[in-house]
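Peer 1: Heads up: the protein sequence lines correspond to chains A, B and C, in order.
Each residue of the first sequence is one higher than the one before, starting from 8 at the first, in my numbering.
Each residue of the second sequence is one higher than the one before, starting from 29 at the first, in my numbering.
Each residue of the third sequence is one higher than the one before, starting from 952 at the first, in my numbering.
Keep in mind the hints are simulated off the structure, nothing from the lab.
Worth double-checking, as some hints may not be accurate.
Said to hold, decoys possible - Just a few of them, taken from the derived set where beta-carbon distance is under 10 Å, the chain C residues facing chain A:
id	residue
1	A964
2	Q977
3	V1271
4	K1349
5	Q1366
Said to hold, decoys possible - Computed list of lysine-lysine pairs in DSSO-like fashion (alpha-carbon distance at most 27 Å, straight line):
id	chain 1	residue 1	chain 2	residue 2
6	A	K9	A	K207
7	C	K1412	B	K257
8	A	K74	C	K1415
9	C	K1380	C	K1370
10	B	K47	A	K99
11	C	K1056	C	K1120
12	C	K1415	A	K9
13	A	K113	C	K1370
Quick reminder that beta carbons are idealized off the backbone N, C-alpha and C, glycines included.
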Amino acid sequence: MKVSLFIPCFIDQFYPHVGISMVQVLERLGCEVDYPEGQTCCGQPAFNSGYWDEARAVAEHSLKTFKDCDVIVSASGSCGAMMRVFYPDLFKETVHHFDALKMAPKIHEFSEFLVNVLGVKDVGARFDGTVTFHDGCHGLRELGIKTEPRELLSHVKGLNLVEMNDTETCCGFGGTFSVKFPAISTAMGEVKCTNIVATKADYVVSNDSSCLMQIQGLLDRQGNKVKCLHLAEVLART
Amino acid sequence: MPLADHRQEVFARIREALKVPAPHRHVGHTGEHPTAPNHDDGLPGSETFRAWLPLVGESLEEQITLFAQNSAALKTELHRVGSPAEAAEHLNQLAREVGWHRVATHPHPLALPLAEKVPLPRLVVGPGYAVTDMESCDAAITGCDFLVAQTGSLLISSASAGGRALSVLPPHHIVIASASQMVPDLGTALHQARLRYAREWPSFLSFITGPSRTGDIERILVLGAHGPKRLTVFLVP
Amino acid sequence: MIAFAREFKRMAARYTADLQHRALIQRALRSYEVKRDEFKARYQSWGEARQAASEIKWEAINHLDRYLEEFITKLEARGTKVFVASTDAQARDYIVKVAQENKVKRIIKSKSMTAEEIELNHALEHAGCTVFESDLGEYIVQLRHEKPYHLVFPAMHLTREDISRLFEKELGSQPTNSPEELTMIARSVMRKNYIEADLGISGANFGIAETGMISITENEGNARLGTSLPKIHVAIMGIEKLLPRLEDLALFLPMLATAGAGQQITCYNTLYGGPRQPGEIDGPEQFHLVLLDNHRTEFLADAEQRDSLHCIRCGACLNVCPIFKNVGGHSYGTTYQGPIGSVITPHLRGLQNWKHLSFASSLCGACTEACPVGIDLHHHLLQNRRNATQGKATWWEKPIYAGFVFFMRRPWLYQLSGKLGKIFFPLHKLVNGTLLDPLRLWTKTRDFPDMAPQSFQEYWKEKKAKGPHAPR
Ligand code: SF4
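Required output: the full structure, derived from the provided sequences and hints.
Peer 2: Following this line, the structure appears as C-alpha cells:
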C-alpha cells in the first residue's frame, strides 16, 4: 500500500525523529512510503486563533500538496483532526469545499492507520521500560482514537504500560493558548505531570508531539527524569 | 395595572430568527458520526426512553426490591408491612423513640386512619390551617400518588399529600402507600399522573427522593437541609 | 487589552498560583466524578439517552414560537400571570412592581441563575425589600457578598472552616467544623424567613409546553418551602427552557442530576402549574412567571450556535473543564462560568469585551463530551474566535498571520527559514527564560526544545538520494 506522510511543520523542525520512526515502522510493515514534497503546515495556528481567511490560504496549499494521495498518514492527531474534521468546516461555501470533503476520509492518524487500516496490532517492536500513555485531546475527541495506541503498545515486547489518573485530561498545550494564557496552560500541565510522575513510569508516550513538547518542557523544568516519546518512536525500536 | 408585556416583540424576533433553519448537527464529538434529528418520524417517545435509562424489572416483586435498594441508598426508611395496623405499630414505636408531641395529617384514605392510631394531638390540615401550627408538628403523615422503582422516588401532589407544605415543613415525613401504587419508572409515573389528573391538574406535583439534603459544604452530604430530616415510607399490600 | 480580559488574566494568575485552592476544587470534583460514573454506568445507554435529549431540545428550540405560545396559553388559563420580558431591565421592573403593589417587605429566594443574570436582588433591595437567599450555598455567598462560584455549587470554593468563621461573624454562632452543624445553623435561621416572607422567588429548570407547568429541581427543600408558604410566587426563566411534553421529564430529570451533580436523581423535582387552585388548601394566591429573552433571540438567530440554547444549566461542562478546575469560578467575572459561560457571555454582554474567554481554552473538548444535551461547546469557542477576529483583529496579530501565510504557502521559504533558524536558534540559549527572551511566555515556566540538526525534509532528501534500498 502506498502511504503519503504528513509531517507537520513543528515535527519537521523539532522532532524529525518522529517522522523517521514512522517511515521505519511503515516500511517494516511493507508499505510504500511517500512524502509529498512542499508540505508545510496544516494552518491550525491561524485557524485556532480566529484567522480563518489566513488558515484557508495555508490549508489550500495542503489541499494542493496532497491532492493526488490516496492514503495520508499524519504524525500528529491534532493536525490530522485539522485536516479531517476542520477543513470541511473551513472551506464551507468556497470552491474547495468539495476537495476538502474528498480529502477528509483519506486522512489517518498514525496509530489508527496501523490498527484500523492495516489491521496490525503487533508491529514487531521491542522496548524495555515502563510507559504511560497520554491521550492527546484532538486525537481522542475529534478523531475518536482511544484503544488503538494502547493495543499497539500492549504488543510491544518488554513494555509495561501503566495508565495514569485522568489520562484523558488535557495537558494544557492548546497551541497559541499556551502562550496567550501561560499561567493557565502551565497549571494544567502541572496537574498532568503530577499524574504522570505518580505512575513511576520512565516514559510518557503520546500520539501528539505538541502535547509532549508541553509535558517535556515542564518535566525538564521541574527536574524530573521522565522522558517523552512519540508512539512511533516506541514502535520503531526492535 | 401590570406593565405592558413584551410578548409581541419577542415572538416577532423568534419567528424572524427561526426563518434560518438550524444545521442538523451531530451530538457532541466523541468519535460518533453526525446524525440528523429524525423529526419526520416524530420525537423519540417516552416509552423508548425506558430502553436507555437504568433497567427496571417487570414484576412487582422486582420493582419493590429495586425501590428498596434505591431507598436505602438515599436514606428513605422503607418498611414493608402486612397491614395498616402493623404500620401503626411501627409508627407508634417511632413516636415514642423520638418523643413526638404532635403530628399533622390530611384527610386521606390511608394517611388519616394511620394518624388516628397515634395517641397524640393531631392537626388535620384543611382550608385556612395555620402555618405555625403545622410547623410545631414533629411529623407529617401523608399519602402519595405513585412509588417509582427506578429511582426510589415518590410522586406526590397537592391532591394526594395534603397541599404543598405538609410534606416539606415538619421535620419527619411519613408516607403510607399500597403496593399497587408502584410503577416502574418516571415515565410511567408521569403518564399515570396524566391519566389521573389531566382534566384538572393540581397546581403542585413533586417527585420526592429521600429526605432533604445538601452537599453545599465541601460536597459532603448532609441530610435535612431545609425540608424533612427523615423520610419514612410504609408499604402496605 | 480590554479591561475585562486584563481582569480575567489577573484573577487566573492569582488562582492558578493558589495551590491549596486548586486542590480544594479538584478534590471536590473528584468525588463528583466518582458518583457520576457510578450512576452513568446504570444507564442502559447513556449515549442514546443523550442523543434523544439533544433531539428533544432541538425540537423545542427550533419550534420555540409554537411551544412558547402553547406554554403561555396553558399557564394563563389556570391563573398564572405571565410576563414576557425583552430585556433584563423589563424583568427587574416587573418583579419590583409586583413587590411594591403587594407591599412586600421580605422575600425568600431559591436558587436561580437567571435571577443572577439580571441582578435581581440588587433591584429588589434598592426598592426596600430584604431578600433572603435560601439555598445553603447561595446563602453563604450572599453573606460573603460574593457571586456564586459555580452554576450548581455556588459555595464550592469554601472550606468548612471558612463557613464556620463566616457564620460566627455574621450570625454569632459557635465555631464548628461539622458540615452537619453548619447546615443546621442555616436551617434554623431560614425557617423563620419562610414563614414570615411575603413573596417567594424561584427559577425554573424546565417549562413543559404541553401542560403549562414549570419544573424546579433541588435537593434542599428550600424552593418547595419558598413556593408553598408565601402568598406570592414569582418564577423567572429564560424562554429557552422549554420541553415539549410532560413525559420528556422522564429523561431530563435523571440526566440533569447525573450529569450535573453525580446523583441518580435530585431530592425534589417539583412541577408548578399555577397559583392555588380551587379546592387546594395552600400555595400562593398569585403566581407570576417572568419569561426572559435578554439576547436569547439573538442566539436563536445565529443558526450555527443555536444549540447553545439547549443548555439545561447542569454544570457538567464546568465540572470536567481543566481550565475551570485551575482558574476557579470567580476568575470568569460572568454569571455563567466555565465552557458554557465562555460560549454565551459574548452574546449576552458583547463579543469584543468577552472574547478573551473563548481564547482562554485549549479546545480539548471535554465539555462537549460531557454535555448531556450534546452542545458543540468547544467548536462554538472556535467560532467565537473567528467572529471576534473578523469583527476586529488584534493589530499586531494580523501581520503575524499574514507572514505565516506568506511563508507556509512557499515551501522554499519555509525550508530556508528552517535552515536560518538552525543558525540563530542556539543563540536562544543566551537569553533563555530572561526578560529578553522572545519565547519568554513559554520559557518562563517550561523548557523549549532544541531545533533538530537535520529536519525531516532534509532526512527525506538524503534518503531518496541514496535510493530505495539504502540502509535506513
Ligand atoms: S452546556 Fe451542557 S454541560 Fe454545560 S451546563 Fe449546559 S447542559 Fe450542562
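Peer 1: Indicate, hint by hint, whether the structure satisfies it.
Peer 2: For each hint, the structure was consulted:
no., hint, verdict
1, A964, "holds, 5 Å"
2, Q977, "holds, 8 Å"
3, V1271, "holds, 8 Å"
4, K1349, "holds, 8 Å"
5, Q1366, "holds, 9 Å"
6, A:K9 to A:K207, "violated, 40 Å"
7, C:K1412 to B:K257, "violated, 77 Å"
8, A:K74 to C:K1415, "holds, 21 Å"
9, C:K1380 to C:K1370, "holds, 18 Å"
10, B:K47 to A:K99, "holds, 21 Å"
11, C:K1056 to C:K1120, "holds, 25 Å"
12, C:K1415 to A:K9, "holds, 16 Å"
13, A:K113 to C:K1370, "violated, 31 Å"
Taken one by one, the earlier hints fail for this structure at numbers 6, 7 and 13, listed in ascending order.
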